[in-house]
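**Student:** Residue-level listing of the chains:
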Amino acid sequence: MSKRIDVKDLNVYYGSFLAVEGVNINIEAKSVTAFIGPSGCGKSTFLRTLNRMHEVLPGARVEGEVLLDGDNLYGPGVDPVTVRTQVGMVFQRPNPFPTMSIRDNVLAGVKLNNKKISKGAADALVEKSLRGANLWNEVKDRLEKPGSGLSGGQQQRLCIARAIAVEPQVILMDEPCSALDPISTLAVEDLINELKDEYTVVIVTHNMQQAARVSDKTAFFNIAGTGKPGKLIEFADTTTIFNNPSQKATEDYVSGRFG
Amino acid sequence: MTVTAPVARKRSALTKGQLPAFAPYIVLAVALVLGAAILALIGFNAFGWGLVSAILFTIGLVGWSAAVEGGRKASDKLATCLIVGSFLVALLPLVSVIWTVLVNGIPGIITPGFLTTSMNGVTGAFDNKSVEEGTKVLGGVYHALLGTVQITLLATVISVPVGLLTAIYLVEYGNDRVLARAITFFVDVMTGIPSIVAGLFAAAFFFVVVGPGTKTGAVAAVALSVLMIPVVVRSSEEMLKIVPNELREAAYALGVRKWRAILKVVIPTAISGIASGVTLAIARVIGETAPILVTAGFATSINNNVFGGWMASLPTFIYTQILNPTSPSNPDPSSQRAWGAALVLIILVMLLNLGARLIARIFAPKAGR
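Sequences listed follow chains B and A, in order. Following the numbering used here, the numbering of the first sequence begins with 1002 at its first residue and continues without gaps. Following the numbering used here, the numbering of the second sequence begins with 5 at its first residue and continues without gaps.
A portion of the hints provided could be inaccurate.
Stated by the list, open to error - With a cut-off of at most 27 angstroms between alpha-carbon atoms, the simulated BS3-like pairs for lysine-lysine come out as follows:
#, chain 1, residue 1, chain 2, residue 2
1, B, Lys1117, A, Lys262
2, B, Lys1031, B, Lys1004
3, B, Lys1031, B, Lys1146
4, A, Lys268, B, Lys1112
5, B, Lys1120, A, Lys245
6, B, Lys1249, B, Lys1229
7, B, Lys1009, B, Lys1146
8, B, Lys1117, B, Lys1146
9, A, Lys268, B, Lys1141
10, B, Lys1116, A, Lys77
11, B, Lys1009, B, Lys1197
12, B, Lys1112, B, Lys1146
13, A, Lys262, B, Lys1116
14, B, Lys1112, B, Lys1004
15, B, Lys1141, B, Lys1116
16, B, Lys1129, B, Lys1141
17, A, Lys245, A, Lys268
18, A, Lys245, B, Lys1004
19, B, Lys1120, B, Lys1146
20, A, Lys245, B, Lys1112
21, B, Lys1129, B, Lys1117
22, B, Lys1112, A, Lys262
23, B, Lys1249, B, Lys1009
24, B, Lys1129, A, Lys268
25, B, Lys1229, B, Lys1197
26, B, Lys1129, B, Lys1004
27, B, Lys1146, A, Lys268
28, B, Lys1117, A, Lys245
What the hints assert, rightly or not - Far from chain B, by Cβ distances over 12 angstroms, these chain A residues were calculated:
#, residue
29, Thr62
30, Ala94
31, Asn179
Said to hold, decoys possible - Using C-beta positions, here's what the derived DEER-type ranges look like:
#, chain 1, residue 1, chain 2, residue 2, range
32, A, Leu106, B, Pro1059, 37 to 45 angstroms
33, A, Val166, B, Asp1142, 42 to 50 angstroms
34, B, Asp1142, A, Leu106, 25 to 33 angstroms
35, A, Glu73, B, Asp1142, 53 to 61 angstroms
36, B, Ser1040, A, Val99, 54 to 62 angstroms
37, B, Ser1152, A, Val166, 54 to 62 angstroms
38, B, Arg1143, A, Thr120, 47 to 55 angstroms
Think of the hints as simulated: they come from the structure by calculation, not from any bench. Remember, predicted model here, so these are calculated numbers, not experimental data. Backbone N, C-alpha and C fix where the C-beta goes; we use that ideal spot for every residue, glycine too.
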């Protein structure tokens, strides 16, 4: 239950501004891929093109191809909603729905789409998703309480549970730990390691140790200067990127000699 | 290691050069006495006494503070005096209105049958009799209360869907297009429409569509909804705008369609604000007189049908009772009924405001643990 992603010559625009230029990348199924790079280099922008969340912003558009197991996400007649049910996303800031209980938050993907689900199946799905997000033991006694009452780390894991409840092929994570303390971060990282068995995971992070800890492959993005488009500089096994990068810029960045 | 003896207790050096805590009360007492003395010279009245004492208090306290504490503290005290003074001035008309309506309205409202009877068959003869022989004032506001509730309810039923859908278009689909900007502009213009114009519009509209001289509760409801819609649009728009974009994105990322995300995530999150905005819009139009006068006329008997026949409402009831007393020679019973109706109207508005708060609290997203 996971698919690979192949990106061919992708240019990403905000209106007439070219934000990311000429990305070619092949992301294997059932692997963890980390995107690293300085702020503003287009990592998050590129990530959002992988489930067509980029075009939610006014004026945003994309050129090129993103293939999900060979099917072009940007092909004619492709419904972005279908894409998003296959490629889930976890955001930087935990964003549980404030009007819903913990249980309803997990079931949001099902309930908001008005799919009929029996109570037994719903209970099973809630438990499976929350166990999958390492949150079940902490919330099993208060499933009917609002999701906004949880701690930040728990909220983020609730958002992950919500994302895996719709059973996507790929999970995108946009700096999922940047608002979390080290202990919650550890919980989320453990979770990513487990998710890899079933899903393709792509994670954007500013924390290079995190990239080194959780990812199989790492992509380094960089930007030549303000107003210039971001580019994919190097994409290789994580150990190669951190120990023996082929590009000077990558080496400077991972060793802290940036700029 | 030597042990130093604790310093003997004295007045703290840190609080030197401050006015004692009781200073304002002393100044207030002096200002009141002085004010009374000055007013006694030019003829005493309570309002003048309050005004002169307030000025004297401000001058006294600020002057004393400037002498003892210095300029910074003095300007602080001056600002405090001005702010409290403005607050009292703003409060004065409000308290005065409520007091006057209570004093004049309670005799009307406690008359048996005031809330349960109409003015049907109540003639000047009864009023004359009640003044001359001291019998109870006949007649009541039942028909007007019923009319107000029905007209306002129908206006709400018209305005809320139109207003809410407009707000949804503006926030979720408008994208600052020409149409969206035009709607925003015209909604702003509509907010400033004089209510009589709204009434004339509704009257003229029904004149053309239904026929000359159409005066029913429904026409009045249309007039009121012309006034209500911009208020509903504005308040709902603001409420929808403050729903964090993250929630919309979270819903989209789960593969939820836009209209479902709006219906099930955005609106529920904003519903408490929308509901209280709607309630306040109702409170805004419930006291309108002019548009109802030209669209629903004024009836003296109970009319249960919003779509047929003239209909009374509380504001028009007050208006006619004061302007055309039932008994021209003895207007007192009429004015007692008018004040009673005014009190009923104020209570109605107050209940609506309380309702708005209650609704806001019930629907507000909970953050319990």
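**Student:** All hints are to be evaluated individually against the structure, with a verdict given for each.
**Tutor:** Each hint tested on the structure:
1. Lys1117(B) - Lys262(A): holds, 19 angstroms
2. Lys1031(B) - Lys1004(B): Holds - the C-alpha atoms of Lys1004(B) and Lys1031(B) are around 8 angstroms apart, at most 27 angstroms.
3. Lys1031(B) - Lys1146(B): Violated, because 34 angstroms separates the two Cα atoms, which is more than 27 angstroms.
4. Lys268(A) - Lys1112(B): holds, 9 angstroms
5. Lys1120(B) - Lys245(A): Violated. Lys1120(B) to Lys245(A) sits at ~35 angstroms, over the 27 angstroms cutoff.
6. Lys1249(B) - Lys1229(B): holds, 19 angstroms
7. Lys1009(B) - Lys1146(B): Violated: Lys1009(B) and Lys1146(B) sit about 45 angstroms apart, past 27 angstroms.
8. Lys1117(B) - Lys1146(B): With a Cα-Cα distance of about 23 angstroms, the restraint between Lys1117(B) and Lys1146(B) holds, given a limit of 27 angstroms.
9. Lys268(A) - Lys1141(B): Roughly 25 angstroms separates the two Cα atoms, so the pair holds.
10. Lys1116(B) - Lys77(A): This hinted pair is violated, its Cα atoms lying about 66 angstroms apart.
11. Lys1009(B) - Lys1197(B): holds, 24 angstroms
12. Lys1112(B) - Lys1146(B): Holds, at roughly 17 angstroms.
13. Lys262(A) - Lys1116(B): holds, 16 angstroms
14. Lys1112(B) - Lys1004(B): holds, 25 angstroms
15. Lys1141(B) - Lys1116(B): Status holds; Cα separation ~24 angstroms.
16. Lys1129(B) - Lys1141(B): holds, 12 angstroms
17. Lys245(A) - Lys268(A): holds, 16 angstroms
18. Lys245(A) - Lys1004(B): With Cα atoms ~37 angstroms apart, Lys245(A) and Lys1004(B) exceed 27 angstroms; violated.
19. Lys1120(B) - Lys1146(B): Given pair Lys1120(B), Lys1146(B) holds - Cα atoms ~18 angstroms apart, limit 27 angstroms.
20. Lys245(A) - Lys1112(B): Distance ~24 angstroms between Lys245(A) and Lys1112(B) Cα, so the pair holds.
21. Lys1129(B) - Lys1117(B): Holds, because 18 angstroms separates the two Cα atoms, which is no more than 27 angstroms.
22. Lys1112(B) - Lys262(A): holds, 14 angstroms
23. Lys1249(B) - Lys1009(B): holds, 24 angstroms
24. Lys1129(B) - Lys268(A): Judged against 27 angstroms, a Cα distance of about 24 angstroms means the pair holds.
25. Lys1229(B) - Lys1197(B): Violated. Lys1229(B) to Lys1197(B) sits at ~34 angstroms, over the 27 angstroms cutoff.
26. Lys1129(B) - Lys1004(B): Between Lys1129(B) and Lys1004(B) the Cα gap is close to 21 angstroms, so the pair holds against 27 angstroms.
27. Lys1146(B) - Lys268(A): holds, 18 angstroms
28. Lys1117(B) - Lys245(A): Given that 27 angstroms is the threshold and the Cα spacing comes to 31 angstroms, the pair is violated.
29. Thr62: Holds: least Cβ distance 47 angstroms, greater than 12 angstroms.
30. Ala94: Nearest chain B Cβ is 35 angstroms from Ala94(A), so the label holds.
31. Asn179: violated, 6 angstroms
32. Leu106(A) - Pro1059(B): 37 to 45 angstroms: At roughly 54 angstroms between Cβ atoms, Pro1059(B) and Leu106(A) fall outside 37 to 45 angstroms, so the hint is violated.
33. Val166(A) - Asp1142(B): 42 to 50 angstroms: Distance hint for Val166(A), Asp1142(B) holds at roughly 45 angstroms.
34. Asp1142(B) - Leu106(A): 25 to 33 angstroms: Given range 25 to 33 angstroms: violated, Cβ gap about 52 angstroms.
35. Glu73(A) - Asp1142(B): 53 to 61 angstroms: Check passed, 58 angstroms falls within 53 to 61 angstroms.
36. Ser1040(B) - Val99(A): 54 to 62 angstroms: holds, 57 angstroms
37. Ser1152(B) - Val166(A): 54 to 62 angstroms: Cβ of Ser1152(B) to Cβ of Val166(A): about 43 angstroms, so the range 54 to 62 angstroms is violated.
38. Arg1143(B) - Thr120(A): 47 to 55 angstroms: holds, 51 angstroms
Figure legend: structure checked against the earlier numbered hints; hints not met, in rising order: 3, 5, 7, 10, 18, 25, 28, 31, 32, 34 and 37.
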